[in-house]
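**Student:** Make a model of the complete structure from these sequences and hints.
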Amino acid sequence: MTAPGRAIERGAGRSGASAERTAIAAAALIVLGALAAGILAADAPLLVVAGASGLFLAIAMVLRPDVATLTSIGVIYSNAAVVLVRFHGLPVFVAAFIPLLLLVPLARDLVVRRLPVVAPPALRWMVVLLGIYLVSALFSADTKRSWDSVTVFLTEGFVLFFLLINVIRTPEMLRSVTWVLLAAGAFVSVFAVHQNLTGNYDSNYFGFAQADATIRTGVTTLTGDVLQPRMAGSIGETNRFAQTMLMLVPLGIFRMVAERSMALRVSAGVMTLLITLGVILSFSRGAAVGLAVLVIALLAMRMIRARYVLVVVIALALILVAFPQYTNRLTSLAGVGGLESTGSSAVDNSLLSRITETAAAALVMVDHPVIGVGPAMFPTYYEAYANTVGILVRNDAEREAHNLYLGVGAELGVPGLIVFLLVGLSTVRMLLKARRASILRRPDLERLTTPFLLALLTYYVTGMFLHLSFGRFYWLMLAVATAAAVVTLRQVAASDDAPVVERAGRVRPALGQRPVDQSV
1 MTAPGRAIER
11 GAGRSGASAE
21 RTAIAAAALI
31 VLGALAAGIL
41 AADAPLLVVA
51 GASGLFLAIA
61 MVLRPDVATL
71 TSIGVIYSNA
81 AVVLVRFHGL
91 PVFVAAFIPL
101 LLLVPLARDL
111 VVRRLPVVAP
121 PALRWMVVLL
131 GIYLVSALFS
141 ADTKRSWDSV
151 TVFLTEGFVL
161 FFLLINVIRT
171 PEMLRSVTWV
181 LLAAGAFVSV
191 FAVHQNLTGN
201 YDSNYFGFAQ
211 ADATIRTGVT
221 TLTGDVLQPR
231 MAGSIGETNR
241 FAQTMLMLVP
251 LGIFRMVAER
261 SMALRVSAGV
271 MTLLITLGVI
281 LSFSRGAAVG
291 LAVLVIALLA
301 MRMIRARYVL
311 VVVIALALIL
321 VAFPQYTNRL
331 TSLAGVGGLE
341 STGSSAVDNS
351 LLSRITETAA
361 AALVMVDHPV
371 IGVGPAMFPT
381 YYEAYANTVG
391 ILVRNDAERE
401 AHNLYLGVGA
411 ELGVPGLIVF
421 LLVGLSTVRM
431 LLKARRASIL
441 RRPDLERLTT
451 PFLLALLTYY
461 VTGMFLHLSF
471 GRFYWLMLAV
481 ATAAAVVTLR
491 QVAASDDAPV
501 VERAGRVRPA
511 LGQRPVDQSV
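With the first letter of the sequence shown counted as 1, position 330 gets the number 330 in the working numbering; the numbers rise by one all the way through.
Some hints here could point you the wrong way.
[As the list claims (entries may be wrong)] Here are the computed distance ranges between Cβ atoms for each label pair:
#, residue 1, residue 2, range
1, R124, L330, 37 to 45 Å
2, A300, L330, 16 to 24 Å
3, V127, R265, 39 to 47 Å
Calculated from the structure, these hints are not laboratory results. A virtual CB, placed ideally from N, CA and C, is assigned to each residue, including glycine.
**Tutor:** Put into structure tokens, the structure is as follows:
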């Protein structure tokens, strides 16, 4: 054999030996991994499932980075990570890692594709709001408590907002995100519906169906009043569960109308029904007001055909007939205007307490108009100011403002409240502009964008009765809404700058125009 032949043979031998060693090492790792999984499965089966899921997720993210975006949104909005930490012993750092999954598609877009950073006006106001948080925390009476709140806003608000608006860049991605949000809401709501239908309140359904309160049904037996548990979903607080689910209702309605496939329209309808039932079973009065405003908005803006709104109204009427205890609870709102100077009325104690808390927050904002009392600090000021209001004071208790706007104003001052409102207002203005631009030229985009406008409307209405808590749900929805406006405006602009087709069939840019970048 010639020298080159022997060299080739030796190289092939070394290559074969290397491949054999690699195969042996891989087999050994698989065997050891299987043994470790088997040992762990006996004591911590959830850890094994989480590890396997993480492995498959990592592989999927490498192949398709958008999987990271959809996964993080689904996990956050279903509150699955928090449930796994609270009820199943998952380490906190694993839950905190979920938003960081968005760094994978962000790196692809900014580093690989070299797309520009998305920085709409809302992001600039978010920077200002972060600065106000920092200043207010510096002058807080309890800096540790306030700094914890700043950290929450930084991670669950500012960072989440920035990441989402920079990874949702196409109509296809926006549509996928919408479906993931609906799936997350339906997933959580189906447990609440099943729990109510079966009366299985002893189980929390792995933490995804928590019932944390009860209401009177108006029925009395020999053993006393019959109470109705209120569904709190995976969040564990009834009003918050209703608020977060309510934001999904317009998304489901528009998918039910806009999808071309009958199967998708039916799926959207079923999901929307489940989510609406979840809202109803929370027996939240604030959510009922938000739902009524949503129906009125659908009619007033003529966003969908009247017959679809009629279907919604009939469905809501049937639900109220099926749950008369909710009707009884809603009628208590009529007594709000009957407050007497002594503070006695037909209003129940819950409403009287909330009126006191809201008025106390207003007084705090008046006394501390510049920088507020500090993030998360209003509860410590509640009792002193509630005694001044004097309607129904919860002594020796720390109570929240139960009003989004007065609560922010009390803790961050008037400037903080103004900037907080400007963040939302800038997104709403972009959504309205995107809707006007797309309603005739790109109706498919209008039907993707408009529901987020309505989702924010429901949040701002329910915010009249609830303070800013579990803020990640609001900031996530605001970020997706902002991304929807940006995507729609860019797509409409690209359509306006579309190339001119010559008679010969060749395509060239219009005179004086540059080729349009379609990579958004």
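**Student:** So, for every hint listed, does it hold in this structure?
**Tutor:** Going through the hints against the structure:
1. Checked against the given bound of 37 to 45 Å, the beta carbons of R124 and L330, roughly 41 Å apart, stay inside it.
2. Taking the beta carbon of each, A300 and L330 are about 22 Å apart, inside 16 to 24 Å as hinted.
3. At roughly 41 Å, the beta-carbon separation of V127 and R265 lies within the given 39 to 47 Å, and the hint holds.
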